[in-house]
Every structure is written in structure tokens, then in C-alpha cells.
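K.L.:
What follows is the residue order along each chain.
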Amino acid sequence: MMDRRRGAGAWRGWICAALFAAVPAAAQSLVPPPAPPEGAVSPAAERVYAAARPSLLQVRTLVEAAGRQSSIGSGFLVGADGLAITNYHVVAQYALEPATYRLEYARPDGTQGALRLLAIDVAHDLAVVRLDGAELPYLRFDAAAVAGELPRGERAWAMGNPLDLGFTIVEGTWNGRVERSYDERVHFTGAINPGMSGGPAVGAGGTVVGINVAKRLDGELVSFLVPARHAAALLERARSEAPLDLAEVRTEIGRQLLAWQDGFYSALDAGGLRTSAFGPYRAPESASPWFTCWARTNTEQRPKPRASLDGSSCSSQSTLFVADDIGSGSLEYSHAYARSRDLNAFQFATFVSKYQGSALPGGWSRKRLTAPECREAFVAPADAASAPPLRAVWCARAYRDFAGLYDVALTTVTQDRAGEALVSRLSMQGVSYANALAFGRRFVGAIAWTP
Amino acid sequence: MDAVTLPAAAWIEVLTPSREVALRQRVAGPTLTVGRAWDNDLVLDDPHVAAHHLRLTRDADGAWRAEDLGSVNGLFVDDVRVSAPVELAAASVLRIGQTQLRLRTSAEPVPAERPLARGRPAWPLALAGLAATSALTLLELWLAETGEPKLLRYLAPALANAGLLLVWALGWSVLTRVFDGRLRFGLHLLVVCAGVVLYQAWEQLAALGAYALAWTALARTPTVVAWLLFAAVCYAHLRVLGPARLRLKALATAALAVLGITLHSLSESEARTNSGQVATLQRLAPPVLRLAPARSAEAFFGDAATLAAPLDAARSEALEGGEEAGE
Numbered sequence: 001m002m003d004r005r006r007g008a009g010a011w012r013g014w015i016c017a018a019l020f021a022a023v024p025a026a027a028q029s030l031v032p033p034p035a036p037p038e039g040a041v042s043p044a045a046e047r048v049y050a051a052a053r054p055s056l057l058q059v060r061t062l063v064e065a066a067g068r069q070s071s072i073g074s075g076f077l078v079g080a081d082g083l084a085i086t087n088y089h090v091v092a093q094y095a096l097e098p099a100t101y102r103l104e105y106a107r108p109d110g111t112q113g114a115l116r117l118l119a120i121d122v123a124h125d126l127a128v129v130r131l132d133g134a135e136l137p138y139l140r141f142d143a144a145a146v147a148g149e150l151p152r153g154e155r156a157w158a159m160g161n162p163l164d165l166g167f168t169i170v171e172g173t174w175n176g177r178v179e180r181s182y183d184e185r186v187h188f189t190g191a192i193n194p195g196m197s198g199g200p201a202v203g204a205g206g207t208v209v210g211i212n213v214a215k216r217l218d219g220e221l222v223s224f225l226v227p228a229r230h231a232a233a234l235l236e237r238a239r240s241e242a243p244l245d246l247a248e249v250r251t252e253i254g255r256q257l258l259a260w261q262d263g264f265y266s267a268l269d270a271g272g273l274r275t276s277a278f279g280p281y282r283a284p285e286s287a288s289p290w291f292t293c294w295a296r297t298n299t300e301q302r303p304k305p306r307a308s309l310d311g312s313s314c315s316s317q318s319t320l321f322v323a324d325d326i327g328s329g330s331l332e333y334s335h336a337y338a339r340s341r342d343l344n345a346f347q348f349a350t351f352v353s354k355y356q357g358s359a360l361p362g363g364w365s366r367k368r369l370t371a372p373e374c375r376e377a378f379v380a381p382a383d384a385a386s387a388p389p390l391r392a393v394w395c396a397r398a399y400r401d402f403a404g405l406y407d408v409a410l411t412t413v414t415q416d417r418a419g420e421a422l423v424s425r426l427s428m429q430g431v432s433y434a435n436a437l438a439f440g441r442r443f444v445g446a447i448a449w450t451p
Numbered sequence: 001m002d003a004v005t006l007p008a009a010a011w012i013e014v015l016t017p018s019r020e021v022a023l024r025q026r027v028a029g030p031t032l033t034v035g036r037a038w039d040n041d042l043v044l045d046d047p048h049v050a051a052h053h054l055r056l057t058r059d060a061d062g063a064w065r066a067e068d069l070g071s072v073n074g075l076f077v078d079d080v081r082v083s084a085p086v087e088l089a090a091a092s093v094l095r096i097g098q099t100q101l102r103l104r105t106s107a108e109p110v111p112a113e114r115p116l117a118r119g120r121p122a123w124p125l126a127l128a129g130l131a132a133t134s135a136l137t138l139l140e141l142w143l144a145e146t147g148e149p150k151l152l153r154y155l156a157p158a159l160a161n162a163g164l165l166l167v168w169a170l171g172w173s174v175l176t177r178v179f180d181g182r183l184r185f186g187l188h189l190l191v192v193c194a195g196v197v198l199y200q201a202w203e204q205l206a207a208l209g210a211y212a213l214a215w216t217a218l219a220r221t222p223t224v225v226a227w228l229l230f231a232a233v234c235y236a237h238l239r240v241l242g243p244a245r246l247r248l249k250a251l252a253t254a255a256l257a258v259l260g261i262t263l264h265s266l267s268e269s270e271a272r273t274n275s276g277q278v279a280t281l282q283r284l285a286p287p288v289l290r291l292a293p294a295r296s297a298e299a300f301f302g303d304a305a306t307l308a309a310p311l312d313a314a315r316s317e318a319l320e321g322g323e324e325a326g327e
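Just so you know, the protein sequences line up as chains E and H, in that order.
Residue numbering for the first sequence follows the numbering used here, starting at 1 and increasing by one per position.
Residue numbering for the second sequence follows the numbering used here, starting at 1 and increasing by one per position.
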């Protein structure tokens, strides 16, 4: 519906709820307001909004040269001294290109001014900014939410400035931590729209339980909040440490991404691998719960395909927003078992070829990534009785802005029979070379057969 | 005239710009005059020739001399302007105006008779070549067939391929007819079919070889081979067209090949740097064809580890016109 400037490539089915450049007027459909039934207006919502409104901010990124806004988000004051919380992705443009952009705030009372960026937390998509002022109204974090004890079903209100329409309150339900996700995200059943990112979600007591961050594009009212405790932790850090040096911001982001992927891959290791049967082969799958897997088959195709194909693909859905045109942190793998019905050996090899292309994550930007380098070889198993010979392809490319981070893809095709093959693809986004090699080794080492 | 010292018979030839004989006339007496006027022995229509332009004279010992009769445009012997009478060497080419002439005498030796070696017509081979390229086209389609085999999907490319080759050969035949007088369609068809069959065979073998030897670079050779074969085919066509200036023809077609290969490699490397494509093997083959030894997983990942260094080097090299360089 709206022309989003950001988040499209990296977030797949997700939308950063922050930013947009223009709302096409034609896209708005006018629905006549239904007559409100008696007593439908929640007095709690009125109270919460009235209390929180003075602490809300609109966070605007302006093109320095033009003085016009290029993207908007929300934020909220967390200290009388002018400290405020917003999302990293709201300030990312400015953080990465401080010479081109500047940051401004607008408060509900109409006051405006410059914002300084003090700290960022890329992994949790948070940032701390400061505006000049004293004795400002501010919001407190909810103690139960920080402790992770907020019960599922609790009512909460998300606030922010959606689509630059003005400060708004949206009612929704707290659904607790998303269970199958590596990153800690709270599922919030309320409409978070572009422009509201970085705004607070407030409980009935008027305290902040989470920070608006994203919504799913493929569902209705499936939105996400960053748990308040991460914001509280970042605020502590911003208060105690020296403010972020904008000249070194890429180093800082790179450091945070490296630290995040170290945590992710150790958790992945700790979760371990299990194997699933695909015909005579056994293929590795992560035993960690945070992968979403989908199966696919071509048995339903008509005319009947001349080779059957059964497989599954799994995604960690853990992409971190880094900039408009680059993300980091996703891990995907897929297996496809192909078996010839009446194709000859050459035709079957052609059939398999279609599924063995490079598995590097999509969306290549020359500004962000180097050209890929690849290695291909036939690989013999250590124990020929338990594993098939493979044809393996390793491709890697480096992040230009962040030293030590790479996108890596590994594809293997079993090479033991003329009419059967298992194609396995592994794609690691924003990973250190050592972690990629280690996980790649484990992945390949776990491909086996049951003769 | 003394019968014992009978002078050698002489012929005057009028040549085309490419020095083929357009007209040959026996020289009747000891002199021959050339010009536009009707009282000359050889009358030319060239407007750049004087009315009385050139006189050829045989002296007592049988040697011929050429003499400019006072023309504006002069007389050139073997591309050198001469003003005084000059003795002609055997087979010298004279130029007056835009006309080239050559004097031949019976004293000049002629090459030995060439036997009729090309007795076999090119037709049967050409047709065999056409059949071979069609068969290879069908084979390629069949080996890559993973869906329902449809007759049209096989016939259309095979017929299109054959039709294109026939039209190509016909084009060369028309050119040959213009310059040489003969069509030589069979020979042209043989030339182009041979080139295409060689290309198709190379394409298949390179794809299989790239897989079997685990040597992906081989799969990229067909474009280079295509340009080389294209140049070779053009050279062979030009040779059939006429045996003259073979060196120039060879140079021109070689330049074509070099240009084609250069442009192609440039566009390929541009595509790689601008779109981040990977250059891995696209087409697999049956595992029984594998010749390259399988490596241990350790060796493979050890090799993969060495990629980090070139990637880090690429990371630190600045992009041209990059944001950071610009500020």
C-alpha cells in the first residue's frame, strides 16, 4: 500500500514498521466509521495515551543538503535529561552516512530539534538518542516485562506516528516471546505501521513493555516488539559509556554483528544436528527449534514428472537489519532428493543441475558486498561405507563495510548413482569465516546414506 | 622478316582492378599504341586515358619498351611513374589512367598443368555435414530433456538450424557468383557445416570434460572456440570465393576472432563485477563419467579457507567513484 523506502530486501516477509517516504493518497480507502456502541471507548486506553503522549517523539532522518525528510520513525523519552529510545533501523541511514543525513525529533506539542545518536544495538534493533532539554516528561520500563514475567494475553498499547499521520495509539495483545525464533521478539497482536517503529508499547500501568519494531506482511495484525529489558540494558550502557563515535560506527556495527553470529553459531552447535531420511540418504537438519521448515514435492504435477523431487527447506528467519540494501544473520538450508522415473543418466544429471545452483543469499549490492569467489571439487567421505561421494561447491563473498563478515553458500550433490541424488544447500548470511567453515564441515560430515 | 630470328609472340592484357584478365589481345606487329582515339591498336574507354597515351615498341633484340606519348596522367610501370621510355621486365603491370595493362610474350614460362584433383563434388560431404549438425542438435536436446518429449520441440530447432546454415551458404554462394562466376554452393555448405559440427562437438565435450575433470574453466571455453571457429569458417568461405589475397583474408578473419573474444571476455567480466554472479559449473553429468579424483573433506575445506584472503583483499580495495572516495 505504501511506498516503503527501506527494509524490503533484507526482511523478506517482514516489514520494518518504521519508515516510508510518501503515502499515495489514492491508496487510502474511506470506510464510513461505524457508530460506537455504548461504553466501547476504553477508559484505560484514554488514560494511557494521555499519560504517554508528552513523552513520544517522531524521529526524522533528513537529507542534509535538501533539509527534507527521507524517512521517519518514532521514539520515546526515557529520562528527564532527554535520553530517548528508538529502533536502530530508524537511525541506520544517519548512522552509516552521517555526512549525508541528519537526525531530528518532533514532539506532540510541535517542538522540534536535533537528535544526537549515543548508542546502538544492531542485534536487538535498538538505539539511544538524546535531545537537548531538561525536566522532560519520560516513560519508565515495566518491571514485570523487564523480568520477562508479563502474562500472555495482557493488553498493551503501541504508540507512534504511523505514515506521518500524527501520534496514534493502537490497542493489541501481548502474546509473549515468539517461541520459534532465535532472536528474542514479542508477538504483539496490534497494527504496527510504517512510521511507528521505535515507539513504545505501553501496559495498563503506563509503563513500557516493549518497543515497536516490525510486522509480518503475510498476516494480519502480526506485529513484533523488542522486549523492554534490551532497551533498559542499552540505556544503562548509554548512560555509563562514552557516546558512539560516528566515525567508527561501521567498526562498532561490525563488532556487534560478529558478536551476534558467534552467539548464534554456538547456540546452533549446542542445539546439535539430527538427520532426516531422504530416500537412501540421510541429510543433516538443525535440532534447534528456531528453524521454520517447509516441505515440497513434485508428485502432484501433471503431466507426471519424469523424475520425482522431494525436499524441504528451512530458514532461521533471523535476518538482522543493517541497512536498506543489506542484512545479516540468516541461515537457510535445504535438501532435495531426486529420483529418476524414466530419465536416462544424462537427462537425470540435467534435472539435478537445475537444483544445484549457487545458494548465496539473494540481493547483491556492489556497494555492500565483494564479488563472490568459489571452489568446486569432488569430495570423498572419510568412511565410504556410511556416506556417499559428493560434488561440493563453496562460494563466499565479503561484506565491504564490516571486516570479518561474509556470506557463504555451500552446495553438495551426491555422486553415487545414475538415477538418484540428494542436493543439499546451505546458505549462511553475515557469518565469520571460521564459523562458516566449522558449520560447513559439520553439515557435509553429516550427509550419509543407508545402503 | 628473317625466319631464323622470329621474335616471340606478344599478348597485351587489360586487367581488372584486382588484376584478373578482362581482355587479352595478340600484338600484331613490333609496336602497339594505346589510347582513347580510334586509330590506336588498343582502344580504351577510360576517360583518364589520353587520346594517344602509350606506345609499346619491340627493339631489335626482342625486348619491349614502354613510352608515354605526352599524357596528363602519365604512365606507371609497376606503380612507378616513368617519363622516359623504359624497358619492360616480364609480366610488368602498366597503369595509364585507371586502366592496368600487362604485356606477355611467348618467351615467358607457364606453370605446369594442374591435374583435375577435385574430381569429387563437395555435395555428398556437405549433406553429410548438414545431417551431422542436425543429429547433434537433436542429441543435445534429447540429453537435456527432463520433461515430456514433444516432437515439435525437437524438429523446430533442428530445422531452424539447418535452414540457417543453408541460407548462410547461399549468401556466400551469391557472393562467389559475383566475384568468381561460379556458385560453389556445395563447398560453402560443407565449410559452414564443418564449423558448426566442430562447435557442437566441442560444446558437448567441454561440458562433460568440465564435470569429469572438475575443471569448470573448460565449460567456459565454447564461447572462445565459437569465435575461433567463426573466423576459420569465414576464412574458408573467402578462400572458396577466390584464391587472391589470402594473407589479407587471413589477417581480417584473425582480427575478427580477436575482437570477438575480447568483447566477449570484457562483457563477461563486467557482468561478474556488476551483478555478483558466481561462475560455477551449471551442468552436471552422470557420476560414472567422473575422472577427477575425489578429495577428502579436509582438503576441500582447507582449499575453501584460502578464499578468505582474496576476499579480504577485495573488501579493502576502494570502489571507483565510491561514496568514501568522493568525500
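Keep in mind that the hints were calculated from the coordinates and are not lab data.
Please note that a few of the clues may not be correct.
Unchecked claim - Keeping only pairs whose Cα atoms sit at most 20 Å apart, straight-line, the calculated SDA-like set for lysine to any residue is:
{"hint": "1", "chain 1": "E", "residue 1": "K304", "chain 2": "H", "residue 2": "T146"}
{"hint": "2", "chain 1": "E", "residue 1": "K367", "chain 2": "H", "residue 2": "E270"}
{"hint": "3", "chain 1": "E", "residue 1": "K367", "chain 2": "H", "residue 2": "E317"}
{"hint": "4", "chain 1": "E", "residue 1": "K304", "chain 2": "H", "residue 2": "R153"}
{"hint": "5", "chain 1": "E", "residue 1": "K304", "chain 2": "H", "residue 2": "L151"}
{"hint": "6", "chain 1": "H", "residue 1": "K150", "chain 2": "E", "residue 2": "P389"}
{"hint": "7", "chain 1": "E", "residue 1": "K354", "chain 2": "E", "residue 2": "F378"}
{"hint": "8", "chain 1": "H", "residue 1": "K150", "chain 2": "E", "residue 2": "F346"}
{"hint": "9", "chain 1": "E", "residue 1": "K354", "chain 2": "H", "residue 2": "W142"}
{"hint": "10", "chain 1": "E", "residue 1": "K354", "chain 2": "H", "residue 2": "L143"}
{"hint": "11", "chain 1": "E", "residue 1": "K304", "chain 2": "H", "residue 2": "Q200"}
{"hint": "12", "chain 1": "E", "residue 1": "K367", "chain 2": "H", "residue 2": "L143"}
{"hint": "13", "chain 1": "E", "residue 1": "K304", "chain 2": "H", "residue 2": "E148"}
{"hint": "14", "chain 1": "E", "residue 1": "K354", "chain 2": "H", "residue 2": "T280"}
{"hint": "15", "chain 1": "H", "residue 1": "K150", "chain 2": "E", "residue 2": "N344"}
{"hint": "16", "chain 1": "E", "residue 1": "K354", "chain 2": "H", "residue 2": "T216"}
{"hint": "17", "chain 1": "E", "residue 1": "K367", "chain 2": "E", "residue 2": "S313"}
{"hint": "18", "chain 1": "H", "residue 1": "K150", "chain 2": "E", "residue 2": "P305"}
{"hint": "19", "chain 1": "E", "residue 1": "K354", "chain 2": "H", "residue 2": "T146"}
{"hint": "20", "chain 1": "E", "residue 1": "K354", "chain 2": "H", "residue 2": "V278"}
{"hint": "21", "chain 1": "E", "residue 1": "K367", "chain 2": "H", "residue 2": "V278"}
{"hint": "22", "chain 1": "E", "residue 1": "K354", "chain 2": "H", "residue 2": "W38"}
{"hint": "23", "chain 1": "H", "residue 1": "K150", "chain 2": "E", "residue 2": "E241"}
{"hint": "24", "chain 1": "E", "residue 1": "K354", "chain 2": "E", "residue 2": "S313"}
{"hint": "25", "chain 1": "E", "residue 1": "K304", "chain 2": "H", "residue 2": "W142"}
{"hint": "26", "chain 1": "E", "residue 1": "K354", "chain 2": "H", "residue 2": "S316"}
{"hint": "27", "chain 1": "E", "residue 1": "K354", "chain 2": "H", "residue 2": "E148"}
{"hint": "28", "chain 1": "E", "residue 1": "K354", "chain 2": "H", "residue 2": "A214"}
{"hint": "29", "chain 1": "E", "residue 1": "K367", "chain 2": "H", "residue 2": "T273"}
K.L.:
Decide, hint by hint, whether the structure agrees.
P.N.:
Tested hints:
Using a Cα cut-off of 20 Å, the hinted pair E/K304 and H/T146 holds, with the two alpha carbons roughly 11 Å apart. Straight-line distance between C-alpha atoms of E/K367 and H/E270 comes to about 15 Å, which keeps the hinted pair within the 20 Å bound. Between E/K367 and H/E317 the CA atoms are separated by roughly 12 Å; this keeps the pair inside 20 Å, and the hint holds. For the hint pairing E/K304 with H/R153, the CA-to-CA distance comes to about 18 Å; that is within 20 Å, so the pair holds.
Under the criterion of a C-alpha separation no larger than 20 Å, the hint pairing E/K304 with H/L151 is consistent with the structure, at around 18 Å. This hinted pair does not check out: H/K150 and E/P389 have alpha carbons roughly 35 Å apart, beyond 20 Å. Proximity of E/K354 to E/F378 is assessed by CA-CA distance (about 18 Å); at most 20 Å being required, the pair is judged to hold. Restraint check for H/K150 and E/F346: the C-alpha separation of about 18 Å stays at or below 20 Å, so the hint holds.
In summary, the hint linking E/K354 to H/W142 is supported, as the alpha carbons are separated by about 16 Å, within the 20 Å threshold. In summary, the hint linking E/K354 to H/L143 is supported, as the alpha carbons are separated by about 14 Å, within the 20 Å threshold. Of the supplied pair hints, the one linking E/K304 and H/Q200 is violated, its CA atoms being roughly 31 Å apart against a limit of 20 Å. Annotation: proposed proximity of E/K367 to H/L143 is violated, straight-line Cα distance about 41 Å (limit 20 Å).
The suggested pairing of E/K304 with H/E148 holds, with an alpha-carbon distance near 9 Å, which does not exceed 20 Å. Restraint check for E/K354 and H/T280: the C-alpha separation of about 13 Å stays at or below 20 Å, so the hint holds. For the hint pairing H/K150 with E/N344, the CA-to-CA distance comes to about 17 Å; that is within 20 Å, so the pair holds. With a C-alpha separation of about 17 Å, the suggested pairing of E/K354 with H/T216 holds against the 20 Å cut-off.
For the hint linking E/K367 to E/S313, the alpha-carbon distance of about 29 Å lies beyond 20 Å, and the restraint is violated. For the hint pairing H/K150 with E/P305, the CA-to-CA distance comes to about 14 Å; that is within 20 Å, so the pair holds. About 10 Å separates the Cα atoms of E/K354 and H/T146, which keeps this hinted pair within 20 Å; it holds. Between E/K354 and H/V278 the CA atoms are separated by roughly 15 Å; this keeps the pair inside 20 Å, and the hint holds.
Distance hint between E/K367 and H/V278 is fulfilled; the C-alpha atoms sit about 17 Å from each other, no more than 20 Å. Restraint check: the Cα-Cα separation between E/K354 and H/W38 comes to about 81 Å, which exceeds 20 Å; the hinted pair is violated. Using a Cα cut-off of 20 Å, the hinted pair H/K150 and E/E241 is violated, with the two alpha carbons roughly 71 Å apart. A distance of roughly 16 Å separates the Cα atoms of E/K354 and E/S313; the hinted pair therefore holds under the 20 Å criterion.
With a CA separation close to 18 Å, the supplied pair E/K304 and H/W142 stays within the 20 Å bound. With a CA separation close to 35 Å, the supplied pair E/K354 and H/S316 exceeds the 20 Å bound. Between E/K354 and H/E148 the CA atoms are separated by roughly 16 Å; this keeps the pair inside 20 Å, and the hint holds. A C-alpha spacing of about 18 Å is found between E/K354 and H/A214, which places the hinted pair at or below 20 Å, so the restraint holds.
A hinted pair counts as satisfied when its Cα atoms are at most 20 Å apart, and E/K367 with H/T273 qualifies at roughly 11 Å.
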